[in-house]
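I would like the entire structure built from these sequences, with the hints used as guidance.
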Amino acid sequence: MQELINKLKKEIIEQLNLQDLSPSDIDENAPLFVEGLGLDSIDSLELIVLLQRNYGLKIAKAEEGREVFHSIKSMAEFIHKNQNK
Amino acid sequence: MLTGTIYINGISCISAQPTLEQGIQVLLEKNDSEHFKCIEPDYKIHFSPIALRRLSRILKFSILTAQKSLQDAGLDMPEAIITGTGLGCLEDSEKFLLSVIENQEENLSPTAFIFSTHNTISGQIAMTLKCNRTNNTFSNRYFSFESALLESILMLKDGDAKNILVGSTDEMIPMIREVTQNMGLWINPNTGTTITGEGACFAVISETMTEHSYAAILAFKLVFKLSTGETIQDLVLSFLQEAQSNIEDIDVLISGESEEEPQAYTPVYQILPHSSIITYKHLTGEYFTASSFAYFLGANILKYGSVPAHYLKIDRMAPTRPRKILIYNQNKGKYHSLALLASV
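As given, the protein sequences belong to chains A and B, one line each in that order. All residue numbers for the first sequence refer to the numbering used here, where the first residue is 1 and numbers rise by one. All residue numbers for the second sequence refer to the numbering used here, where the first residue is 1 and numbers rise by one.
When the alpha-carbon atoms are kept at most 27 Å apart in a straight line, the in silico DSS-like pairs for lysine-lysine are as follows:
#, chain 1, residue 1, chain 2, residue 2
1, B, 95, A, 7
2, A, 10, B, 95
3, A, 10, B, 44
None of these hints come from the bench; they were simulated from the model.
This is the structure we're talking about:
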């Protein structure tokens, strides 16, 4: 799981162009939106694209998205749980 | 033809010259072997990292120039933001189109798409300022800036706004420079040298004069093509007549003369034998909204009362204290725009 979290951090930094951040700067338990990384609605679209493109996963419902995109850790758990289904 | 008095109350420009920080008095020679590249500041001083990560070059220099023109006018919030751009956000458009190819038209980044649209520029300025009023963008080749200015003047005259942020912006990227070269566009025909440029110019205009005012726009006219038998001398003379001025009133002519067609403006120079003539494209390069630089020059010359030698055509004298300036731009016999500026 930690390997997946680190990979995800790197992918998010690249996808969202977070130029001044390194993976170690990101707390995997911190909220991604508003607090923590302070992401916004455009970023949420980027994260949906990232999940679909890199992991072949789709978010079916908006409610599910809220849980999945709470933090890096919740995203990693979602990927881990669904990727090999 | 529009006549009346519209004041330029604040203005800022980023170009291949150090205009953003130093106005029009300092000269730099062509700063890039390929084209006239903007002299940009360290954006980290002006934007937060979270804002910077999404902004392409054109958005950064447009927002910054817009903010500086507002500061210059002593105004916090305009009632409209009207922008002209010939080619819009090229960097983001290229990024988006490449991602379409790379990802086989699937799973595309929304950011590159959103930021590739022309009205992103006015929209991002509005979001930065938290301005909820009108914002729009005109893209009309060599009339892009002029269309934005025309719309702004009409809005002021109709009473739809009291202060309008109007501006122009264009960026150049290597791929488009290659395309323009292949098209034979923006090239000195004698040397084969590329003369492409880029830049942004924003101004606050209003029907009310303030302590910050630079100049007044007394008349403004756009003519796409001349009528059959009409010459550019006829056009200029009829413009001055309609503006209730004559050739002796014109202290300075700011001309859009470029290396691409150096003789195109000669007939106008001939009917203004006593006016100083200023050209600027040899220092800024050519791009669809380059003509906005003429307004930046005119406003500064009228406010500060002197003409920098590097803009002056060598066979004409500099005026002591210019009071009226005629701005005339055209491109290959089309897109004629005229403006009469006066000191305040």
